[in-house]
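Student: Residue-level listing of the chains:
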Amino acid sequence: MSTALNDKTTGYEPLIVAFCCNWCSYAGGDLAGTSRMSYPANVRVIRVPCCGRMNPMFVLRAFQRGADGVLVAGCHPGDCHYSTGNYHGRRRLSAFKRLVEFAGFEPERFEVRWISSSEGDKFAEEMEQMTAKIKALGPNRKMRDARWQSVT
Amino acid sequence: MAERNLEQLEKIREVVSQDLLSGRIELLLGWEKGHYWWQSRPLFARSKDDLAKLTWDSFCAVNLSRYLLEELKDHQKVGVLVKGCDSRAFNRLLQDNMVERDRVVLYGLPCPGILDYKLLAAEAGPELKGIAEENGKIVLKTASGEVEVKRDQFLMAKCRECLYPDPVVYDQMLLEPQGKKEAPERFKAVDELETLTPEERFAYWEKELSRCLRCYACRQACPYCSCRECFVEQENPRWQGRAYQPSENFLFHLVRAYHGAGRCIDCGECQRACPVDIPLQELNRKLIKDINELYGDYEAGLDAELEPPLLTYRPDDPAAFSEK
Ligand code: SF4
Ligand code: SF4
Ligand code: FES
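These protein sequence lines are chains Z and B, in that order. In this text, residue positions in the first sequence follow numbering that gives the first Met the number 0: the first is 0, and each later residue adds one. In this text, residue positions in the second sequence follow numbering that gives the first Met the number 0: the first is 0, and each later residue adds one.
Everything labelled a hint here was simulated from the structure, so no lab data went into it. Computed from a predicted structure; not experimentally measured. There's no promise every hint is true.
Short derived list, chain B residues pointing at chain Z, Cβ under 8 Å [unchecked claim]: (1) L212; (2) C214; (3) Y215; (4) R218; (5) S246; (6) A256; (7) A260; (8) L286; (9) D289; (10) N291; (11) G295; (12) L305; (13) P307; (14) L309; (15) A318; (16) F320.
For every residue, glycine included, the Cβ atom is placed at its ideal position computed from N, Cα and C.
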């Protein structure tokens with residue numbers, strides 16, 4: 000992750016970490032790529048087997064290490080390749096999102112989306128939107144590791 | 000100086016000493032007086048002599064079920080005195096497969112609520128020597144005389160907001176049950192925090208959490224924290240850094256609370272154990288409130304047969320993100 004992106008003097012570019020489920024959303028991203036759609040380079044995709052694999056500590060670690068926004072993307076409810084991973088994920092991540100907001104994060108900082116492998120356009124669009132929202136919100140300093148900031 | 004009811008104590012002692020002598024239990028988990036009159040600490044009684052120290056007064060706050068995790072390693076059969084919250088803690092452990100039901104004998108003690116020494120001392124001043132109790136009244140004894148006050152006003156916050164003072168699971172009920180209570184203020188602090196802006200909330204938590212010593216007393220006292228290896232000590236990956244900084248404080252507190260999502264029995268032991276008074280129950284209750292709101296009313300620990308809300312789902316569940 001380049002810290003230069005976050006440097007105010009060079010123009011603020013947010014860093015978005017997107018955890019994408021292997022079977023739908025990651026494939027959706029692939030489709031966006033092979034269809035030559037463009038989406039902001041601010042997004043770093045991390046592949047997870049399923050959105051049921053999401054450990055909430057992944058999200059918090061991303062915030063600690065420089066993320067301005069975190070997105071989790073999985074198959075549409077009913078389409079999870081492990082049948083119920085995203086049904087469980089929906090409950091867990093809903094409770095987690097509310098908790099993170101309760102701690103003082105703006106609601107925009109952490110989002111969850113359902114993107115299928117055929118929705119390359121939706122993938123590109125969501126990445127576009129998330130980046131725009133976070134850009135408008137400005138850099139995230141909450142939960143940033145103090146040692147991380149000093150690396151410039 | 001703080002006996003509530005000697006009659007009750009004698010009755011309890013009689014039953015448990017019979018069971019210890021007959022071998023029905025090898026060990027009894029109860030309470031004895033601590034260093035100060037306003038402290039009652041766990042008692043590990045193996046003999047009739049040990050039981051001489053048994054106490055049942057208004058300071059028996061420590062949740063005893065948590066000690067089963069250790070004691071069942073060395074004893075085949077353990078008896079436990081359970082208040083309402085201790086019994087719900089037992090259900091928590093049972094549901095998590097941390098205890099075997101037939102190796103534990105539960106003696107139910109309906110609980111009138113535990114007194115908060117800080118509140119008593121604030122009322123009576125530092126020379127408070129002890130208290131006496133009768134019919135919902137407390138007599139505060141100081142060097143300069145005695146003052147009578149109403150009991151309700153000196154309960155620990157966690158007890159004022161307790162819904163189930165009667166044991167919900169037991170083998171033998173030793174005293175008269177008193178029925179379900181109301182707790183209208185249970186979510187008040189959470190509601191108030193929710194009305195703040197994100198910035199204000201963050202500032203609030205940054206300040207509160209800045210006191211955290213990371214002593215993990217909150218975890219040690221907690222009946223849902225029964226993991227053999229806790230994430231805070233895990234080496235690989237090392238989730239919890241040891242540095243003293245807000246980032247690590249938030250990580251610990253968010254993850255600790257989240258691990259109780261749909262599991263926390265709201266006994267308030269974490270907050271009571273905390274040496275620096277961090278309002279941990281506000282985080283726990285935020286989760287309880289939201290999960291109830293989103294996925295239906297559920298009280299953890301009430302019924303060990305009911306599936307915890309985060310272990311299940313419905314296809315038409317709502318979601319808290321903007322895409323449903
Ligand atoms: S904080 Fe989490 S990992 Fe640690 S003991 Fe409690 S539930 Fe287990
Ligand atoms: S008991 Fe209090 S100080 Fe200790 S780790 Fe828990 S919150 Fe921090
Ligand atoms: S496999 Fe995509 S959410 Fe489970």
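Student: If a hint holds in the structure, say so; if it does not, say that too.
Tutor: Do the hints match the structure? See the list:
no.	hint	result
1	L212	violated (18 Å)
2	C214	violated (21 Å)
3	Y215	violated (17 Å)
4	R218	violated (16 Å)
5	S246	holds (5 Å)
6	A256	holds (7 Å)
7	A260	holds (5 Å)
8	L286	holds (6 Å)
9	D289	holds (5 Å)
10	N291	violated (11 Å)
11	G295	violated (11 Å)
12	L305	violated (16 Å)
13	P307	violated (10 Å)
14	L309	holds (6 Å)
15	A318	holds (5 Å)
16	F320	holds (4 Å)
Hints 1, 2, 3, 4, 10, 11, 12 and 13 from the list above are not met by this structure, while the remaining hints are.
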